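K.L.:
Chains A and B supply the protein sequences, listed in that same order.
The opening residue of the first sequence carries number 1 in the working numbering; numbering runs sequentially from there.
The opening residue of the second sequence carries number 1 in the working numbering; numbering runs sequentially from there.
For the record, the hints were derived by calculation from the structure and aren't laboratory data.
Please note that a few of the clues may not be correct.
Stated by the list, open to error - Pairs of lysine-lysine, DSS-like flavour, derived with a Cα cap of 27 Å: (1) Lys131(B) with Lys199(A); (2) Lys18(B) with Lys278(A); (3) Lys278(A) with Lys107(B); (4) Lys221(B) with Lys26(B); (5) Lys10(A) with Lys18(B); (6) Lys110(B) with Lys278(A); (7) Lys199(A) with Lys12(B); (8) Lys127(B) with Lys110(B); (9) Lys74(B) with Lys213(A); (10) Lys199(A) with Lys67(B); (11) Lys26(B) with Lys10(A); (12) Lys221(B) with Lys199(A); (13) Lys10(A) with Lys67(B); (14) Lys213(A) with Lys107(B); (15) Lys278(A) with Lys127(B); (16) Lys132(B) with Lys10(A); (17) Lys105(B) with Lys213(A); (18) Lys105(B) with Lys10(A).
These numbers come from a predicted model, not from an experiment.
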Amino acid sequence: MNGVLFAKIKLFIRTPWTFVIMTAMTILFTLILGTSNPATFQVPVYSLDNSLEDSLIYKALQDNKFIQFQWRSMESTKQKVKKGKAELGVELSANDFKILVGVNSPKVSIVEHTLQEIYMDKLKQEKMLKGIKDKKTRIELKEQLEDIAAHAVFHIQTMEFKGEEDFIYNNLFQRVFGFTLFFVIYTIAYNVFHILIEKRDGIWDRIILSPIKRWEMYTGNLVYSFVAGYLQIIIVFLIFHFIVGIEFNASLWKLLLVMIPYVFAIVALTILITALVKTVQQFNAIIPMLSVSMAMVGGAFWPIELVQSKPLLMIADLIPITYGMELLNGIAIYNYSLEQLFSPLSILLLMGVGMTGIAIHFMERRYI
Amino acid sequence: MLELARLTKRYKQLYAVKGLNMFIEKGEIVGLLGPNGAGKSTAISMLSSLIEPTEGDVRFHGKSILKSPGELRKVTGIVPQEIALYPELSAEENLQFFGRIYQLKGKQLKQRIEEVLELIGLQEKRKEVVKKFSGGMKRRLNIGVALLHQPSLLIMDEPTVGIDPQSRSYILETVKRLNEEKGMTVLYTSHYMEEVEFLCDRIYIMDKGNLIAAGTKEEIKQILTSETTVLIKVEQLNEKFVQRLQAEPSIHQVSTGENEVTVIVPKEIPVFKLILNIAEHTDIELLSIEMKATTLEDVFLHLTGRALRD
Numbered sequence: 001m002n003g004v005l006f007a008k009i010k011l012f013i014r015t016p017w018t019f020v021i022m023t024a025m026t027i028l029f030t031l032i033l034g035t036s037n038p039a040t041f042q043v044p045v046y047s048l049d050n051s052l053e054d055s056l057i058y059k060a061l062q063d064n065k066f067i068q069f070q071w072r073s074m075e076s077t078k079q080k081v082k083k084g085k086a087e088l089g090v091e092l093s094a095n096d097f098k099i100l101v102g103v104n105s106p107k108v109s110i111v112e113h114t115l116q117e118i119y120m121d122k123l124k125q126e127k128m129l130k131g132i133k134d135k136k137t138r139i140e141l142k143e144q145l146e147d148i149a150a151h152a153v154f155h156i157q158t159m160e161f162k163g164e165e166d167f168i169y170n171n172l173f174q175r176v177f178g179f180t181l182f183f184v185i186y187t188i189a190y191n192v193f194h195i196l197i198e199k200r201d202g203i204w205d206r207i208i209l210s211p212i213k214r215w216e217m218y219t220g221n222l223v224y225s226f227v228a229g230y231l232q233i234i235i236v237f238l239i240f241h242f243i244v245g246i247e248f249n250a251s252l253w254k255l256l257l258v259m260i261p262y263v264f265a266i267v268a269l270t271i272l273i274t275a276l277v278k279t280v281q282q283f284n285a286i287i288p289m290l291s292v293s294m295a296m297v298g299g300a301f302w303p304i305e306l307v308q309s310k311p312l313l314m315i316a317d318l319i320p321i322t323y324g325m326e327l328l329n330g331i332a333i334y335n336y337s338l339e340q341l342f343s344p345l346s347i348l349l350l351m352g353v354g355m356t357g358i359a360i361h362f363m364e365r366r367y368i
Numbered sequence: 001m002l003e004l005a006r007l008t009k010r011y012k013q014l015y016a017v018k019g020l021n022m023f024i025e026k027g028e029i030v031g032l033l034g035p036n037g038a039g040k041s042t043a044i045s046m047l048s049s050l051i052e053p054t055e056g057d058v059r060f061h062g063k064s065i066l067k068s069p070g071e072l073r074k075v076t077g078i079v080p081q082e083i084a085l086y087p088e089l090s091a092e093e094n095l096q097f098f099g100r101i102y103q104l105k106g107k108q109l110k111q112r113i114e115e116v117l118e119l120i121g122l123q124e125k126r127k128e129v130v131k132k133f134s135g136g137m138k139r140r141l142n143i144g145v146a147l148l149h150q151p152s153l154l155i156m157d158e159p160t161v162g163i164d165p166q167s168r169s170y171i172l173e174t175v176k177r178l179n180e181e182k183g184m185t186v187l188y189t190s191h192y193m194e195e196v197e198f199l200c201d202r203i204y205i206m207d208k209g210n211l212i213a214a215g216t217k218e219e220i221k222q223i224l225t226s227e228t229t230v231l232i233k234v235e236q237l238n239e240k241f242v243q244r245l246q247a248e249p250s251i252h253q254v255s256t257g258e259n260e261v262t263v264i265v266p267k268e269i270p271v272f273k274l275i276l277n278i279a280e281h282t283d284i285e286l287l288s289i290e291m292k293a294t295t296l297e298d299v300f301l302h303l304t305g306r307a308l309r310d
């Protein structure tokens, strides 16, 4: 195994570019997309019901810190959406709303969430007031409720969205975690890729015909690719913690620890691909396709909570990124206990073991 | 030492190697000859314990290697057809890596690297990365890697493909020296007849997965004792002349080169008269007609109807 590691480390030192580029890309993308406030986007709104401008809904929309709802005429809103100047627009009614979608983006789900919450509050208040028959008491209660809303005893200040299923969105965390998990796939894949090159060039056969044990050969490759991927994650997290100053809920070491099964699962996945493809070209075509689609479905590019499609959610259950994001968000945002972390941790380990087994089976099929 | 019995490799309906019987004795150089696609590399992969045969067995000192290939692997050096080296590493680093996987360590590894670098003539280039090497240097290092653990059996799969004559000659001389001085057993595959003639004591000839001839050089050449090889050189070769030669029932094989034709004819045929007659009728200007000594190339042509490099 030491012999295999010796060659891999030498090769890594000679050609560290994939590692360097992928680490830099993670940091760059996160800094560009993560430090901008994603929620301050503008949404044109109109209503055919003029009374809404005095309503609780209007006030709630105006108070929203994350989405700038801009009152426009119906014509202007539709034109903006039609010409692509706005990704979406909203038509408000007294008890309902319509979203005019120009471009299908995660913002649609965020706006939908926000409006649902506002309408739910309104309905709750109306239900309460409906129960009171005396008009004077009803007006007093309404004023009191508005007063409580404006001067609450406790102010809960959050920097995130909080939806109906306790979904908390932190843009910076989303970007750091998402891009880290995404770009590390490339680093690992292009280290595992050496196996394919070795097979093409006959080096693999030469190793197989040597007295080296098979487990040493596979372990050497696994350990090397694992260390390269894990090292990248450590560097990225350390840079964001110590240089950019992200606190990660004071759990940096926990984040690094839970990344072990994720990196293992990705190493196993890429080794499986290496075992299944026949040429370098096939590998080069599959990796970008697979990593981007996994990142999209697994919640690396946007929160998985925004994905509504059941088939996509089912696919997400089969993807390591989903569990990687769950672990990272669980620690940094939701303060998950060990029991809560246990399930994604074991799924990732299981995936890793399973895929490694299948990969070795396919690779060994040809040989004595 | 090594024995192949009815060795067969089939991929679906296609036979890459069919019922190959062969043996290699200690200390000899055995040639495995055949054109591209003859099945030589597949045979080598099976006998070196890399891939499993569909049928048949490979026995090393009487024991089948299919279940326990370890003993054979320890004493075998493989020179694959590809340049199986890390191009980003230097010659010395490549030797270090392969030495380690052959369980050489410390002083022993260093010493072997020195000896091998000297043997392949690359001491001066030891620190240079392999991707900067010429084709010949890469081939030499490819051989050097196989010699690191001092194997007693060296299996070489077309080790001189695509290199300059000087490097080729260096490699052939090195193989000969290893055999003579160290008693190394060598299995040498090639489609270059002259290499096999120069190196090998015994020869196996393969074509389309089948063994078509086997024996010492002299024994194989005996196949053509009743026939003569004639080399005809012409001013400008034309199709009509070749067609007439092919149509002539007394001429057994016809192979063409640049303005030359090789034919195999029975010894009793008045060959000069016959060729002059055909040349006259096909408007061809003859430069020479030469009766050649039989070569392995002629034997191959006789056996398969094709030249080795077709």
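K.L.:
Now tell me if each hint is right for this structure.
P.N.:
Each hint, compared with the structure:
Under the criterion of a C-alpha separation no larger than 27 Å, the hint pairing lysine 131(B) with lysine 199(A) is consistent with the structure, at around 18 Å. Taken as a hint, the lysine 18(B) and lysine 278(A) pair is honoured in the structure, with Cα atoms around 26 Å apart against an allowance of 27 Å. Of the supplied pair hints, the one linking lysine 278(A) and lysine 107(B) is violated, its CA atoms being roughly 40 Å apart against a limit of 27 Å. Between lysine 221(B) and lysine 26(B) the alpha-carbon distance is near 24 Å, which keeps this suggested pair within the 27 Å criterion.
Restraint check for lysine 10(A) and lysine 18(B): not satisfied, since their Cα atoms lie roughly 43 Å apart, outside the 27 Å limit. With a CA separation close to 37 Å, the supplied pair lysine 110(B) and lysine 278(A) exceeds the 27 Å bound. The hinted pair formed by lysine 199(A) and lysine 12(B) meets the criterion: a straight-line CA distance of about 23 Å does not exceed 27 Å. In summary, the hint linking lysine 127(B) to lysine 110(B) is supported, as the alpha carbons are separated by about 14 Å, within the 27 Å threshold.
With a CA separation close to 12 Å, the supplied pair lysine 74(B) and lysine 213(A) stays within the 27 Å bound. Using a Cα cut-off of 27 Å, the hinted pair lysine 199(A) and lysine 67(B) holds, with the two alpha carbons roughly 23 Å apart. Of the pairs offered as hints, the one joining lysine 26(B) and lysine 10(A) is violated, with about 38 Å between alpha carbons and a cut-off of 27 Å exceeded. For a cut-off of 27 Å, the pair hint linking lysine 221(B) to lysine 199(A) is broken: about 39 Å separates their Cα positions.
Proximity of lysine 10(A) to lysine 67(B) is assessed by CA-CA distance (about 35 Å); at most 27 Å being required, the pair is judged violated. Proximity of lysine 213(A) to lysine 107(B) is assessed by CA-CA distance (about 23 Å); at most 27 Å being required, the pair is judged to hold. The suggested pairing of lysine 278(A) with lysine 127(B) is violated, with an alpha-carbon distance near 33 Å, which exceeds 27 Å. Using a Cα cut-off of 27 Å, the hinted pair lysine 132(B) and lysine 10(A) holds, with the two alpha carbons roughly 17 Å apart.
Distance hint between lysine 105(B) and lysine 213(A) is fulfilled; the C-alpha atoms sit about 17 Å from each other, no more than 27 Å. This hinted pair checks out: lysine 105(B) and lysine 10(A) have alpha carbons roughly 18 Å apart, not beyond 27 Å.
Hint compliance for this structure: hints 3, 5, 6, 11, 12, 13, 15 are not met, and every other hint is.
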